Structure formats: C-alpha cells, structure tokens
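> We have chain A; now place chains B, C, D and E onto it with these hints.
The primary structure of each chain is shown beneath.
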Amino acid sequence: MLINCAVYQDGKKLADIRKEEIHDYLSRPGCFVWVALKDATPDELAEMQREFGLHELAVEDARHGHERPKLEEYGDSLFAVVHTVEAAGEELKVGEVNIFVGPNYVLSVRNRTEQGFTNVRQRTEREPHLLRHGAGFVLYALIDTVVDRYFPVLEAFEDELERLEERIFASTPARENIEALYGLKQKLMTLRHASGPLQETAGKLYGGRVPELCAGSQEYFRDVYDHLVRINQSIDSLREMLTTAISVNLSLITVQENETVKRLAAYAALVAVPTMVAGVYGMNFNYMPELHWKWGYPFALGLMVGIDTYLFFRFRRAKWL
Amino acid sequence: MLINCAVYQDGKKLADIRKEEIHDYLSRPGCFVWVALKDATPDELAEMQREFGLHELAVEDARHGHERPKLEEYGDSLFAVVHTVEAAGEELKVGEVNIFVGPNYVLSVRNRTEQGFTNVRQRTEREPHLLRHGAGFVLYALIDTVVDRYFPVLEAFEDELERLEERIFASTPARENIEALYGLKQKLMTLRHASGPLQETAGKLYGGRVPELCAGSQEYFRDVYDHLVRINQSIDSLREMLTTAISVNLSLITVQENETVKRLAAYAALVAVPTMVAGVYGMNFNYMPELHWKWGYPFALGLMVGIDTYLFFRFRRAKWL
Amino acid sequence: MLINCAVYQDGKKLADIRKEEIHDYLSRPGCFVWVALKDATPDELAEMQREFGLHELAVEDARHGHERPKLEEYGDSLFAVVHTVEAAGEELKVGEVNIFVGPNYVLSVRNRTEQGFTNVRQRTEREPHLLRHGAGFVLYALIDTVVDRYFPVLEAFEDELERLEERIFASTPARENIEALYGLKQKLMTLRHASGPLQETAGKLYGGRVPELCAGSQEYFRDVYDHLVRINQSIDSLREMLTTAISVNLSLITVQENETVKRLAAYAALVAVPTMVAGVYGMNFNYMPELHWKWGYPFALGLMVGIDTYLFFRFRRAKWL
Amino acid sequence: MLINCAVYQDGKKLADIRKEEIHDYLSRPGCFVWVALKDATPDELAEMQREFGLHELAVEDARHGHERPKLEEYGDSLFAVVHTVEAAGEELKVGEVNIFVGPNYVLSVRNRTEQGFTNVRQRTEREPHLLRHGAGFVLYALIDTVVDRYFPVLEAFEDELERLEERIFASTPARENIEALYGLKQKLMTLRHASGPLQETAGKLYGGRVPELCAGSQEYFRDVYDHLVRINQSIDSLREMLTTAISVNLSLITVQENETVKRLAAYAALVAVPTMVAGVYGMNFNYMPELHWKWGYPFALGLMVGIDTYLFFRFRRAKWL
Amino acid sequence: MLINCAVYQDGKKLADIRKEEIHDYLSRPGCFVWVALKDATPDELAEMQREFGLHELAVEDARHGHERPKLEEYGDSLFAVVHTVEAAGEELKVGEVNIFVGPNYVLSVRNRTEQGFTNVRQRTEREPHLLRHGAGFVLYALIDTVVDRYFPVLEAFEDELERLEERIFASTPARENIEALYGLKQKLMTLRHASGPLQETAGKLYGGRVPELCAGSQEYFRDVYDHLVRINQSIDSLREMLTTAISVNLSLITVQENETVKRLAAYAALVAVPTMVAGVYGMNFNYMPELHWKWGYPFALGLMVGIDTYLFFRFRRAKWL
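Protein chains in written order, with my numbering: chain A, 1 to 321; chain B, 1 to 321; chain C, 1 to 321; chain D, 1 to 321; chain E, 1 to 321.
Please keep in mind that the hints were generated in silico from the structure rather than gathered at the bench.
Keep in mind it's a predicted model, so treat the numbers as computed, not measured.
One or more hints might be untrue.
Which chain D residues face chain E? A few, computed with CB under 7 Å, are given here [what the hints assert, rightly or not]:
| hint | residue |
| --- | --- |
| 1 | Lys70 |
| 2 | Glu179 |
| 3 | Met189 |
| 4 | Glu257 |
| 5 | Leu291 |
Ideal Cβ positions, reconstructed from N, Cα and C, are used throughout, including at glycine.
This is chain A alone, in the form it adopts within the complex:
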C-alpha cells in the first residue's frame, strides 16, 4: 500500500506526487523522490523496481522478507534491511523495513510494523539544512528512528529484570520466577537479533570507506552507531546478569529446600518424641510404678508437652521454625 510519495529539492519538499509522475522527477537534477510503502504487494514492488531500476536480488529480499538486518551496495545505490521491535503486551513484535536508496530516490517498505514513519518525514522537513544532504540523510533519519525505538524496549527489559531480582530474593513461587527469567531471555535474544547485525551495518556508514551517498551524513551515522553500541553492550550485560540470576535462583531454591527439610524435621520431632513417650507408657510390664501413680497420666502428658515446648524453642532459636 502506498503511504506517501513526495519530491524534495534543496532540502525542501516540492510536492506530493502520484506514482505515475515519479519518472518525470527522477531525471530532474538536484531532486529526489521519497516513496513510502507498507506491506507492499509483489506487484507494487515490481512497479517500483521498474521505476527506480532496483537490483533483482534486493527486490527479491524485500519480497520474501525475513532477511537479517544488513546493508548492501549495488553500484551507487544502497539496500538496507532493518528490524523494528515493538512491545505488544508481554510479547515482542518484530517488523521489517526495507530501504532502497539511490542518488535521486528513497524507497522505504515496512512490513508487520504498527508504528509508521510519518514523524520521520515531519522531522526531516523541519530541518531543511540537514535534508539538503539528500537521500543519504533520509536513510539516516529512518535508521535512527528505528534504533531510538529500541531504547524503551530495552529499558522495559531492565525494569523487568529488576522486578524479577526483587521477586527472586523475596521468595515468591520459584516456578514463576524461572519461567519469567527464561521469557526475558527469549525476548532479549529477539532484540539482539535486530540490533546486533544493525551495529555492523551502521559501522560501515562512517569512517573508513563510506558509500558516496552517505558521505555527507557521516557524523550522524556515527551517532546511530554509538547508540547501537550502547544498546548491544546493555543487552550483553543483561544476558550476563540473567545467566547469573538463573544460577543464583537455583542456589536459592536449594537453600529453600534445605530450610523446608529442616522445618519438616522439626515438626516431625515434635510428633515423634511424644509418640515415643506414649510408647514407653504403653508397655505392659507388671512393675511400672508410674502407671499406678495418681498423677501418672498428667505427668506423662506434661512430660510430652514439656519436651515439645523445649524442642520448639530450641528449633526457633536455631531458626529451623
């Protein structure tokens, strides 16, 4: 579905145009066309391929989707794949944005994403001195927006880990904690699948040999790169802390088991000892003086209660109960 199609010159928007007019503007010097598609059909892709002369392999990747984040050069044009990651309740929703950039065009195709990029267009149109850098700057603005949206996701993970840490040490049901830790790990891996390869990609766009198209926006791409480094280092820290949390959790479960066993044993003792005493006075010897005492029975009961009271406080003191 076509979302937007406009022509820009000298950092300013000339006009919204129809698909059919693209061709006319492509040949005008100093102009570039910016087309945004959403969940494009194969037909739409084929049309754009003809319009902009896109490379067969790039279009095929966009058609099939499920590519890893990457950046490829085809002559003087670029093809970038980036993944969007959005929180959808407890789940993560991974979308894909395919960006084709040439000297005089930008074509972005987003699939399976909730949030669009209208704010990117607005932001770039508000800064004509930057947009003047051309199509390369639009590429930056798109990637930057995707990366910026990773931060809240990552922060939600950090919050969740913090919450889980508290729960682990607060002896909530262990089973749920484990499940939650594992679920967090899964989501973390999903985010990493998006942000890890993108770091490599961004690294190719500043310093060293940079594609012609992005040469003017290098400092901006370095900024994106820095953000991705920060994200990926935070992910790695989170992974390490998660692994530690899982093994610490196992230790705590074992400690708890130990405590359970002690508690049970204490209670068992409180029952076993009176049973033994009762057993003794249940013996059938002819000569058992206590049996004939008037206060024998209360004495026996008292003995039982007395021993149990003593044991109870000893166990208490030893923190078994």
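Relative to the frame of chain A, chains B, C, D and E by itself:
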C-alpha cells in the same frame, strides 16, 4: 554413477553428451561442460581427473570423503566441499558434495545424499542471462541450493525447541525433556559443522580478492554469505537458548523436588499425628479418665479426624497439597 | 551552574574571567580558556555552544546525558564523555562528565557527581611545564582523575569479595551470601560500564593516529590507558571469581543439605529405636517373660538408653552429629 | 639412538650413509641428508649440531623437551616441534618430535613415542616426483603423518562420548559416568594441547609469507592445515558436548533423586498406615466395640492389607513405584 | 638498597663501581652500567633518575609499585614491569621487578621478592658472546629468569589439581575439596595476572617493529614469548579443568546425597517394619489367637528379625547399604 553430462555455451545448453565427447568440447572457446556424478567410484573419479586435469590432492579428498566444508584454489580452478544436511525422521543425514570448477567445466560429485540437483540445472537453464556468467555461476547455484536446504532443518530445530520449552514448563516427565534437549543440541552441532566452515568459504567469494572464476557472480555469492551468516547466528542463538533451557530445567526439577518433599511431609503428618494420639490412649496408666468415658473412643477418633482435617486445610492453603 | 572560568597562557593562569569575557580571550593566540560547569541547564549549554562553536550533536548528547563513555572528533575539536563512579554507602552512584576540547578552550560539564575537579585545576596549575601542552593536557588531567577514582571503588569490591569468600566457607546463612554475591556482581557490571568503553577511548589517544590536540600528551594518555587495562583486567578476574564463588556456594549449600539430612536422620534414629523397643514390650502376648520380671521395666528403659548411647557415639564418630 | 641416515638427490635415495659421511654430502649441490634419531642423548644432539650448524636455542629446546608445538625460523633453516598422541589403553601417551630442516638436510628426533616414521620414509621414496621438492616436502610428510595419527585418537573419543551418552540416559551408576566424563575431558585437553598450537604452525607454511624451504609444498601444507582445522573444530564440539553432558548428567541425577524420594515415601506410607491402624486398636478405652467383635482382629488386619493394596496401586499408577 | 653496580664492555665485566662513578662510565662508548636495587627508597630512585635521565612517569610507576606487567618505550629507552610469583607455603607471594634499560645502562629494582637475580648476573657473565649484545640482552636475561620461575609454580598447581581430582573421586569430605578447588582457582588467577600481560609485552620484542635496544636479541625474546604462550595455555587448560572439576564435584555431592538418602531409608525401614509388627500385636482385640500361643512372643520376635534379615539382604543387593 554418471547422472548428467551436458555442454553449455552463451548461457544456453548445446547438448547432452557422452563422457567420451567431453574432451572435444573442452577445447571449444566459450563453452563449458557440466558433469554430475553420484557416489562416484574411484575409477570414475580417475577418469574425470584425466579428462579435466584435476589436482591430485583435490581428487584424493573427493575419494576419501569426510572432508570439512572448504574451498581451495588450484591455479585457475577451484575445488569446493559442501555438506548437505537432511532430516531423516528424528536423525540428521549428512551428505557431501564435491565440486570441481574450471574455466570450462563444472564437475559435481555428491555422496550419501537423498536429494539431487536436477532442479538446480533446470533453474539455471531457465535463466540464460545468468548462466552466461559461466562455470562460476553454476558453483553459486549449487552452493545456494545446499544452503537453502539448511533453512527447513533449522526451522525444524526452532520448532522443536519451542515445543520443548512448553513441555519443560508443563511438568512432563523431566527425564524425557532432558534427553530431548540433549538430542537437539547434538543435531544443532551437526548442522553447525556443515554451515560454520561454509560461511568462511562463501566469504572468500565476494569482496576483496576473489577467484577469477567467480568475479562475475560476486553479488550472488554475497547473498549466499548473508544466508549463512543468518543461519549461523540462529544456530548460536539456539545453542545459547538450549544451554539456558537445560539450566532452567535443572532449576525446575529442583523446585519440583522441593514440592514433592513438602507434599510427602504433609501426608506423613496426616498419618503421624493420629498415631501419636493413638499412642497416648494406648498408655497403661491406671488413672486415665478418658479411657472410662462412654464416648472416649469416638472422642479419640474424632480428635484424630479433627486434627487431620485441620491440617489438611492448612496444608492446602499453604499449597503443600 | 558555572563553577569556574579561567584563562591560561604558557602553562600559567592569567586570570579568572567572567563568562562574558570568554570571547575576547578565545582570539588571543597561545591562550586557552578552561570553563567548568556543574549540572548545566540547557540555556547554559546553548550559551557555551555559541561561545565556543560546539557541534550540534555533541551538545545534544551533553543535554540528554546517559551517553556511554566515548570520544568523538569534530574537525579539530574533541568531545569526550566519561562516567564517574562513586560509592554511596552500599550503592554505586554513576555520574557523567562531558568534556569539550578545542585548540583554545576546555569545557567540562559534570552531572550527578559528588566530587568536583578543583584538585585537578590545582594540580595542573602547580605543573606549568605540563600545562604548557595546552588544552589536550587538561583533557588528560580530567580523565586521569576520573580513572584514579575507580581504583578505591575496585578495591572495595575486592575486599568485599574476600569478605564474602570467608563467609561462604564459614557457613553463615546461605541466603544472605547469595544476595551479597549477586549484589556485588551488579555493582561490578556498573563499574565495567564506565571503565570498559573508556579504555577504547583512551586507546585512541596515544600511538597510531592521534588527534592533533593530544599529540603532545601521548605518553600521559598511555598511562591512563594502562590504568584502565589494569582496572578492566581486575574486573574480569573479579567476574570470573564471582561466577566461581556462586557455583562453589551452590556446592556448599548442597553439601550442607547433605549434612542436615544426615543429622536429622541420626536424631530420628535416636527416637525411632526406643519407640520400636517400647512397641515390642507393648505387645499383648500372654507369655512374655520379661513383662513379669521385677526389673523388666528398668531393663527395657536401660535397653533403650543403651542402644541410643551406642548409636549416639557411632553417629558422632561418623561425623553425622 | 640413530635410526636412519640416508642421502637423497632428485627425489631418489642415493645411499644409506654413516654419520661420519654426512659432512661430505652436505656440500654436494642438489642433495639432502635425512637423519632420524630416537630419544637422542645430549651427545648425539651436540654432534648433529656441529654437523648441520643448528642454532643453539633450537638444540637446547630439543635437549630439554617438553616444548609446546611450534615452528621457528633461524635464518634459512626451520625448527619444528610436534607432539605425537597415542592411545595406550585408557591413557594417552604424548611424545615429541623435533624436526630440524635446512636446504640440504632434515633431522628428526623423536622422544617418548611408540610408533616410528619408517612408513613416512617408504611413502616419500615411492613418490620421487614429490620428494624432488626437497627437505620441505619431508617436513610436510612428517607433520602429515603425526596429524593423521590424531584422527583415530579423536574418533576413539567420539565413540567414547557416544557410549557415555547412552550410559547416562540408561541410568547406570552415576558416579562412574561422572568419572568417565571427567576422564574424557582430560584426554581431550591433552590432544588439544598437541593439535591446537600445531594448527597455528601449519598456518604459517602456506599462503602469505612462507619460508623459502616450504614454498614448493604449499598446497600440501594447506592440506595439513585443513586437517588440523577439522580436528580442532571436532575437539571444540566434543568439549561443548562434554560440558553439556556433564550438566545434563547432573539434571538426571537430580531427577533420579526425586524419583528415589518418591519411591521411599511410597514404601514408608505402606508401613506407616498399618502402624497407625494398629495404634488405634491398641488404645485402652473401655468401650471399643470392635475389640469385642469375634472377627475384630481379622477385620483390622484386613483393613491394613486393604488400605495398603489400595495405596500400592495408586502409587503404581502415579509411577511412584 | 643497592645490591650491585658494575660496568660491562664488549661482553665482559670491567669492574664493580660505586654509585658515584656511574656518571663517568655512561659517557664511555661501548660500555654499559648494570645497577640492581632492592626495595628502593624514593631517594634512591630519584638519584638514579638524575643519573640515567629516566622519564618521570616511569619513575613514578616504580615508586608506587602495583603496576601491571608492561613494557613502555620512552624515546630510545625502555621501561619494563614484570611480576615475580613465588610459592610461600600455601600462599603465593607476588613481587615486582621494574627494569629501566637504555643504550648504556640497565637498572633493575625488585620489590617484595625473596629470590634475587645474582644467578642472572653470573649466567650472563659466563656467556660474553651473548652479553656483547648489550643492555637488551640483560633485559632478556632478567625477564627469562622471572618467567622460568613461573614453571615450578605452575607445575605445583598441576600437581595440586591432580591430587584434588583423586580426592574428589575418593569421597573425602566434600567441603574441603570445594575449598581447595576454590583456593587453587584463586592462585591460578594470581599467576595469570603476572603471566598474561607479560606475554603481550614479550610479543612486542621480536618480529615486526622491535625497539632498537632489543633488535640483536630477538630470537631470545621469541623464546621467552614461547614460554609465556605455553604457560598461559596451561593456565587456561587448568582453569577449564578446574571449572569442570567444580561442576563434577557438585554432581558427585548430589550423587552422594542420593546414596545417603537411600541408606537412611533402608535403615528406617529396618526399624519401621518391626515397629509395625509390634503395633499389630499390641492391639487389644479379645480374639487374637497368636496372643495366647505359647510361642507367640518368640514367633513375633522371629517375624521381626526374619523380615529385617530379608530386607537387609535385599537392600544390600540393591547397593542401598
């Protein structure tokens, strides 16, 4: 066994030929011969070695089999070993394809594989503009096909892990889960043995210094490389998740042990307390008023049942039962 | 908030100046202005941006804060972000220092830090032969001070690990140990987040291609780099020892569980055996000679005590009690 | 001890010679002398040092032994240390081969090895067209033979792991499994100590800057390198699988513990319940109607047996027994 | 404290000199002065700094101590820090040697070490043809000696691990084993702190760009480097084996727990069953024929003993006892 033997010129098939004719066509400029063998005997290999002038070491590798995936240059010809991985029920079946490529010939020898490469031949013949790139493009088409067949295997692993995750948290018998996790790990390592070294190999075929033969198909080899990067990153994620799953599983087993102990202890209490009460009324004191009450016995039984009922609901509430 | 603003020439302080005078001195050759801000407001930053002609992206980073430690070149000026780490009781407090350096100015902005950098200013003013290197040397002095403050933090960690190790092996409550080990790990990761990226940064300031500004202070930056290498290696060692400590702790908990079970079993035996004996003499057979013995009852009690005494010493010897 | 001493020219053996004659042949152009020593004494080494002009440090390494596998260039001559690994029953026997190679000589000294290298000599003599490459080819042949002998050792490890995996899941005594897994790990590390550094070494002998001596045999050294890569990757896989196997084994032990506890609890219940019933009918109430029934006693016994039978089948169904 | 001060020329010792004479000899061409200090005071260091013109930063490092092993170039002079590791009973003692080397001097300052370097001086004086290489060779000799002293420490670790392995599998008290494994790990990390960075350092002294001073002794530094590689690989192997040993130990403790539980359960059964039988014959039914048998009591006792004997042998056979 000879599967196929044909001559191509200018991206089009000239003719199927007999082995004996190979020699004639090798000297014709702009032509290349494409021979496919299956489970070749040493004699067949020797014949091909004479025909195409293959390097001794390459032929020896093909004869012995069980080489790791690799790519070797011998002068202006290439020798590639790739592994096929096919799911055969619960097991994985690893085959081997040896590919000899020269300016005017392609010889592929596949061993221990179920699926053949006839579809590769058909596909390449349908795209004469690509086949025009010559023998290097055939090498690409063969490797690409092998790599594409890794994907369903990998997806089957991902599905299996997902199924196992559900089973782990759904308290199915732990022993089976462990065995299944271990089995999945083994299969994962098998796939990695095939795909890991192949990534290195593919990396040598685009960018930087590329063998003459593949120079025209670089963008295609980059595509294969990207696929392998994706596969290997997925394998690494799977490995990490498997390791986590194994340790999470251990935690769950320990939790379950804890629960078992509690449950058992609760039942033990339900038996031990009446036993104690019975012991008390089994004592032989002369003066035990309860013994002489008319309702002493029902009272004692009632006491037992009462205490047990109380305990039962307490244990229930504490989720021990 | 403006903390300090002074002009230096030839390694000596010329004068403390007002913000408004900065402009006058910037154009004087051989001079540089050193301004220190604390928790700067956006307005103050904007003012400085105008004054020194700072790059938009750098100022934006300083405004938002929460950047990772890094060093960026903008033309002939540098922008550095370093993190301060201070112990605040049991917690770590992470602050941020943004340093803008140009040929004729140094601007440091510190956020969320307790300790200031007045001692840096004093130290550098005491060594005019070094300060003569110019703004680059001030950059060194600031980073060096931040790094030097990591050492006591790290040493506190090492002491804490040592204390924890003693506690682990001295069977203090396991739960607290685990929590303390986990907490130490968290703090370690926090320090690493500050010191890890800073090592990379410092590495760019000596040897190889060095920004013009720091060329004269290379040997000093190598010194900082060496300190950071030492810190990061110590952190890695600590991490490894912590991981080992956690798993060793789990082993010890399991050992303790084993000992608890044995001890409980020993006590259970001391109760169960007399109960059995009492059970035997509680049987109602007509012909049980012991029952009619005069010393039957004491004999039975003696038997119980005797067996228990024997068991007690056997358990003792086997270290079960 | 001198094993062999022969002169080669143009790929063919000229003659077996005496030690004393070495000197004469060294000066003949196009000739090289191949000497094989076994467990050489310091005197023999000193003699060879004089004869061939070996470097002091190399000879010292050979004298002391216990060097790690390595390759060193001394001017136009090479000194290689490779380790042989042989299975000696359950143990591994690690030997050492020191190889000195110059333009006109090869001196191999093997220590603590069972198998010799006579087959290497025979093999190379059968292939004069290869031996014509000179001393470098002999170096290849020796290293290749050592590496080829790693394969059966490695395969024995793989078989042993497979056997252990079966045993782990077949609930043989856990203690033995653990000991066997640990032993396998130890042997694996021993092999790795031999093969790991040798890979680096072999990597220096093909591609890039190659010592003059080995320039003609590059393709052969690449072959050795490939074998070592394969070996080391298999070792790494084995290590990973071993680590997994150890942790899986721990899980299985815990599962088994769980099962043991359940089984024991079931048996305990089968004893405790009749004891409780007996306790009830052992109470001394005056009015207990059952006691006076004619069939009271069989009824009580029947009750016990009945409850136990019921419990037994319930436990069976729940797989506790 | 000054240990030694001598002048060397042409590989031979000219004379022992007084500190005051150093200056005279420094200007004599072809000479170099070798000074050895021990636990130098700041004053002594300051004196040497003046004498040899040492760099401020290097001297400061020597004064403070606790630097990590490193090598720094200051113009044409070198500053090296190496750590000595000596076994002091169960503990490790880490000392530090600071070596300043210039074209015409060597100054070594050792702190907190037991063993001195007199044997280095003797050894080098015995080999004038090597000492002729100048101050660089003395640097080699000092580092080589320090490294050689790591070997016995490392071997002691390997022996200790072997001893611990035996103890682990020989069921000595688990707690001690764990403590010993942890202690070994700590010592290993200490050694690694010394040997790890030194490897990097040594690597800078041969091949590639080598400081002028060491150019003549490259082959010797390569030898040191090889030793350090060997040491560090052994340390890594030991670490890996230690980690494995710790986890294997945990498995064994769990196995032992399992065995303990079984043994206890068996003993419990031996007590519980007679208690049940006694309970049955302690019931008060009017009609219990056994009670009136003459041999009822022996029969009951026999029953108890019989069942216990049967159980005992069954448990024995099942290896529970």
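> All hints, please: hold or fail.
Hint by hint, here is what the structure shows:
At a threshold of 7 Å, the smallest CB-CB gap from D:Lys70 to chain E is about 6 Å, leaving the interface hint in force. Against a cut-off of 7 Å between C-beta atoms, the interface hint on D:Glu179 holds, since the closest Cβ of chain E lies about 6 Å away. Checking D:Met189 against chain E: minimum C-beta separation of about 5 Å stays under 7 Å; hint holds. Restraint check, D:Glu257 versus chain E: the minimum CB separation of about 5 Å is within 7 Å; hint holds.
The beta carbon of D:Leu291 comes within 5 Å of a beta carbon in chain E, closer than 7 Å, and the hint placing it at the interface holds.
Violation of the numbered hints given earlier is absent; every hint is satisfied by the structure.
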